[in-house]
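*Asks:* Line order of the protein sequences matches chains A and B. Letter by letter, the first sequence follows residues 1 to 341 in the numbering used here. Letter by letter, the second sequence follows residues 342 to 682 in the numbering used here.
No wet-lab data here; the hints were simulated from the structure. Treat the hints loosely; a few may be bogus.
[Said to hold, decoys possible] Listed next, the stretches of chain A that the computed footprint assigns to chain B, with coverage defined by at least 3 CB atoms under 8 angstroms from CB atoms of chain B: (1) 89–103; (2) 107–118; (3) 219–232; (4) 328–338.
[Said to hold, decoys possible] Below, in silico cross-link-like pairs of lysine-lysine (DSS-like), each with a Cα-Cα straight-line distance of 30 angstroms or less: (5) K186(A) with K10(A); (6) K351(B) with K265(A); (7) K186(A) with K527(B).
[What the hints assert, rightly or not] Not the full set, but computed from the structure, chain B residues with beta-carbon under 10 angstroms of chain A: (8) P349; (9) Y431; (10) P516.
Note that beta-carbon positions come from the ideal geometry of N, C-alpha and C, so glycine has one too.
Number of protein chains: 2
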Amino acid sequence: MSELRWDPIKLYWVIIATERGRRPRDFQVESEDDGMVACPFCYGNEDKTPPEIFAIRPGGAPNTANWRVRVIPNKYPALRVEGEINNHGYGMYDVMNGIGAHEVIIETPDHDRTLADLTIHEMTDVLTAYRSRYLDLRRDFRFRYMVLFKNHGSRAGATLRHSHSQLIAVPLLPPVATTQLRVARKFFRDKERCIFCDLIEFELRMGERIVREFSNFVILTPYASSSPFELRLYPKRHSHDFALMNDAQLAELAVAMKDMLMRVKSVLRDAPYNFILHTAPPMHHRPGKPEQWNSLEHDYHWHIELVPRLTQVAGFEWGTGFYINPTSPEDAARFLREAEI
Amino acid sequence: MSELRWDPIKLYWVIIATERGRRPRDFQVESEDDGMVACPFCYGNEDKTPPEIFAIRPGGAPNTANWRVRVIPNKYPALRVEGEINNHGYGMYDVMNGIGAHEVIIETPDHDRTLADLTIHEMTDVLTAYRSRYLDLRRDFRFRYMVLFKNHGSRAGATLRHSHSQLIAVPLLPPVATTQLRVARKFFRDKERCIFCDLIEFELRMGERIVREFSNFVILTPYASSSPFELRLYPKRHSHDFALMNDAQLAELAVAMKDMLMRVKSVLRDAPYNFILHTAPPMHHRPGKPEQWNSLEHDYHWHIELVPRLTQVAGFEWGTGFYINPTSPEDAARFLREAEI
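Produce the entire structure from the sequences given, and follow the hints as far as they go.
*Replies:* Printed below as a string of C-alpha cells:
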C-alpha cells in the first residue's frame, strides 16, 4: 500500500508508491516503449489491461475491440481505490494510507496518432470520457479532488507511447488547487467578481498574449509564464466546473483543444508536453466551512494548462520556487499565433 | 533587462530572462558541450569568461592560469547586478526589474573531474569559495537571499560539462525559503527549540533513514522524500548560517560532502543531480519585524539538499504540487549506506 507522507518543514505531501518499488538499477534511461511487442492499449490486447471502467464503442461486449475511447485502472497505481482512509502520526511526521483512484484514458485505438491528430469528433469523444469519469468519481466521498492530466513524450513523463491521459483522485486537496481556490474565493468575496474573468478580460483587451480567440474559448500565454510556450485555454464565459459542460460545449471545446495542440505540434515540432485540467472540486468538499459553500459555488473558473517541456527544472527552481523562463510569453504568443496549422 | 513577474492566482514569481531570448528553434535536444573546441572554464581560456570576482590561486595575476577555484559572473545572467530595484504594477499583475547577481563557481581547472572526484583539500577550497561569496554578497542590501546550487549532468540542467556550481542573489525572499523560515520561526517561538534539531535527533534515534554519521555531520534520506534517493546533509550541532563556519568546520564538511557525492556516484552510476545549499538569509533581511530579529537569529539550521534526477516531473506533480516517489527513503538509505566507495 502506498503512503502519503507530510514534510513538516517544506510543507508538502509526497506519495511513497512502494508497490512500484524501484531499485537503483531500475532507473535506466527512461524511453518510450518503441520496442514493445504488444502494446496493451491497442485493439485486440484488451485482456492485457485491467477490466475497463468506461468505454465509448458502437456496440459489442466490454473489454473487446471496436471501442473509440477506453478507460481502465492504471496497472501500477500511485493510489489504490480499496480501503478506508487512515490518517495518523509518526513521530514528528504525518502519514496517511494511499487511498485514491488512478485511471488511464486511452484516447484512440490507433497506436501512431497523437491527440493533436484526432478529428474533432474523436476529440469530442475523449472529452466526453473525461466528463463521464469526473461525474462518476465525485460520488465517492473519500476523494477530495480529481486531477486529469496528460504526459506527452518521454521527457514529459510518458512511459507508453500510445496516446493516453490519466485521472487521479486524491484524498486531500492538493496545494496547487488550494492556492488557486483560496485566491479565487477571496477575490470573489472582496469584489463579487471572478478573478479569472478579470484576467481574461484584461488579456483580451491587451491582445499581445492572445494566441487564438473562439466564440466561447480563448487560448493565451500567461503573463507570468513559468516556462517557454506555456499556454492556457479558458472558457470565456464564467464556468466553475468542467463536468457541467453539455455536449454542444464539449464539441466546441474539442475544436479549441485541437487548435492548441496543433499549434504546439507545429511551432515546437512535437515537443514533449504536459497538460492539466483545473476544475472546482466536488462542492461538498470545497475548502472552508459548509455554510460557505452555496455562496461560493461559482468562485472558480475551470481551464486547461499546457506546459511544453523544453527546459529542465534545475537546482535554482527546486531550491527557490522561482522559475526562469528564457522566452517571453509575448514572443511565444506571436510564434503560436502565426503558426501554420 | 530581465523581469520578475508575479502570478496573482498561482502565487509565484517567474523570471522572464529576455536577454536569453530563446526562439522555438533554440530548444533542440539540450546536451552538454562535448563537442566544444575550447571550454571557457579550462586553464588558458580565462579571457573567454567575464573577469573573475574571486579565485584561490597560489600566486600570479587575476584572470591567468594556475587557480584552484575561480568565481566569475555568469555570461548569460538570469538577473543583473546593475541598477536600482523598480517594483511596479501592470494591470492586475506585479512586476519588478531583474536585479540580482548570478555567479559561477568553477570548482576545478580539470575538465574531466566531477565534484565527487576532488580531493578533500580541493573540496575544502570549493567550500571556502562558497563561504567567501556569501559573505561578500550579503553586504549588498538589495539582495534578500542568496541561493547556491549545482546542476550535474544535462538532465539536471547543466549546459557546460566542466564541473561548476552557481550562486544567485535575488531581490525577494523565495517561496521555498519563506516556507521553511516561517515554520522554523513558529516552532522556535512555541517550543524554544529548533525544528531541524528535533528532526535530526528523531532520525538518529530511528536509524533507518541514516546513510552516514560523522562527528559533526549527518547524511540521511528525508522521511517525505519527494523523489528517489533524495539526500540531506545537516550539521548535527545547531547552526543557522553556513557562512559563519570556520576553516576547521569547512574541512570536516568537505569530508562529508565527498562521502555523499561518492555514494550517489557509486549507487546511481553518476546520475544527474541537483544540490542546493539552504541557509539563513542575511539577518537584516529576515522576514518579520526588525524588533523580532535578535531573538530569532538562530531559528534556522543550514543544510544541503541533494536530489538525483532519476524521474521526470510530469503532469500530476505540476498540476497538484504532490510528488510521487517510487523508491521509499528507507530502501534508498539502505542502498546508499551499503555502497562501496
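*Asks:* Determine for every hint whether it applies to the structure shown.
*Replies:* For each hint, the structure was consulted:
{"no.": "1", "hint": "89–103", "verdict": "holds (count 4)"}
{"no.": "2", "hint": "107–118", "verdict": "violated (count 0)"}
{"no.": "3", "hint": "219–232", "verdict": "holds (count 7)"}
{"no.": "4", "hint": "328–338", "verdict": "holds (count 4)"}
{"no.": "5", "hint": "K186(A) with K10(A)", "verdict": "25 angstroms, holds"}
{"no.": "6", "hint": "K351(B) with K265(A)", "verdict": "26 angstroms, holds"}
{"no.": "7", "hint": "K186(A) with K527(B)", "verdict": "25 angstroms, holds"}
{"no.": "8", "hint": "P349", "verdict": "7 angstroms, holds"}
{"no.": "9", "hint": "Y431", "verdict": "8 angstroms, holds"}
{"no.": "10", "hint": "P516", "verdict": "4 angstroms, holds"}
Hint 2 from the earlier list is the only one contradicted by this structure; the remaining hints agree with it.
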